[in-house]
Amino acid sequence: MLYFRYGFLVVWCAAGVSAAYGADAPAILDDKALLQVQRSVSDKWAESDWKVENDAPRVVDGDFLLAHPKMLEHSLRDALNGNQADLIASLADLYAKLPDYDAVLYGRAWALLAKLAGRPAEAVARYRKLHGENAADERILLDLAAAEFDDFRLKSAERHFAEAAKLDLPAPVLENVGRFQKKAEGLTGWRFSGGISPAVNRNANNAAPQYCQQNGGRQICSVSRAERAAGLNYEIEAEKLTALADNHYLLFRSNIGGTSYYFSKKSAYDDGFGRAYLGWQYKNARQTAGILPFYQVQLSGSDGFDAKTKRVNNRRLPPYMLAHGVGVQLSHTYRPNPGWQFSVALEHYRQRYREQDRAEYNNGRQDGFYVSSAKRLGESATVFGGWQFVRFVPKRETVGGAVNNAAYRRNGVYAGWAQEWRQLGGLNSRVSASYARRNYKGVAAFSTEAQRNREWNVSLALSHDKLSYKGIVPALNYRFGRTESNVPYAKRRNSEVFVSADWRF
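Count the sequence shown with mature numbering (1 follows the signal peptide of the UniProt record, and there is no 0) and you get residues -19 to -1, 1 to 486, in order.
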């Protein structure tokens, strides 16, 4: 074996074995050809004047390597094929001191160093320069395509892989090219995911706990009661990424989800939410940025807010549109390394309600600012968390001569932990919790002060790898939510247990 550290090369010669191969080796080698070249070089070195007796290591300096240029070149090629960054860095500059060094080999060394050091853009630039000067070099073409793929330059990567697929290359190399092509097609093709699960909600109508309060010398008591209902939670998402040029893409993404109580004859309590994006996205190995205009809808099982307070047994599949709006999302995600990422997003949209009474208070604009981070701990755990700020500014600042009390600001934090329990045969768990304060403007109804809410949410999910079937992964879920408020009618408490079945195709 050959090692070069701190200016010295350690040579270990065992009978018939060498760690390098010749300068005359073809650029693309199958296992048989590589073995033949290695044996040939090993035989030559075994007869040379630098042979080491008794299998003892020999330490040599740069002058010795410069005096044996073939050995230096073989060592550099071996380091390149082994992705040995430290050895490449040590040998490359030394190799360039040779009077007749191979500029292509030297260029490949620094391109690979950039790739291994996590500088994919630099690696692509170096490989493109090499390819422009050596268009017929099959090895450079393959290295360029792989570097472009790593840096998420899928359009040019697909083009170069297609060129490589037409060459007369060894079967294993062509199979590897095919795998890259299939993966690139998957990244830019249509992708769908979704889930459906039965659920039991103990407060399907989102009623406040029973309360009484004084109002103008009279006592007012609530009449709504929490209603239990069995329903179906559903969610579906579709996405299409279209490569434009280099790291630039056109992104379409849509998702819709909600709950239907059709089988409980309580469709009036159905709810849903959908959003569709279409815009520009920039992606590379380290970061993703986007400007995504969107259209969103809020769905309801009743055709009016008052209808939800009536005790009705009905079945209706198509929901009503409660509100809709248009907006834009600006986002940026940075990955300093494969196991850590930071994200920030800014949203602005305007919403319009269909019901006139609700529109008077709740039409307006909403702004959101979101910061999050996720970190991989080892090979089986991930922790995540973030901060959210949302404000709603109604179109009408005053209603009936008073400050519109629908305006609010919400500050929230959340954290979670996902774990793969391999010692339990593939059990997966995910737990998350959030806390937020929502402060309203103006004077709350039936009160003399502004409404102040505190919101808690906890969720837990369990799944097992052995229970998956054709991409469908069932999971047992529990969710709990609680809202405390200085006004009794805004208090909420809810929990549900359900089994989900998520799939991707």
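Don't read these hints as lab results, they were simulated from the structure.
All of these numbers come straight from a predicted model, not from anything done at the bench.
Do not rely on the hints blindly, as some may be mistaken.
[Stated by the list, open to error] Below 30 Å or equal to it, Euclidean Cα-Cα: the simulated DSSO-like pairs (lysine-lysine) are: (1) Lys221 <-> Lys164; (2) Lys221 <-> Lys356; (3) Lys221 <-> Lys163.
Here is what the structure says about each hint:
The hinted pair formed by Lys221 and Lys164 meets the criterion: a straight-line CA distance of about 14 Å does not exceed 30 Å. Only pairs whose Cα atoms come within 30 Å are accepted, and Lys221 paired with Lys356 is accepted, the gap being roughly 27 Å. Proximity of Lys221 to Lys163 is assessed by CA-CA distance (about 16 Å); at most 30 Å being required, the pair is judged to hold.
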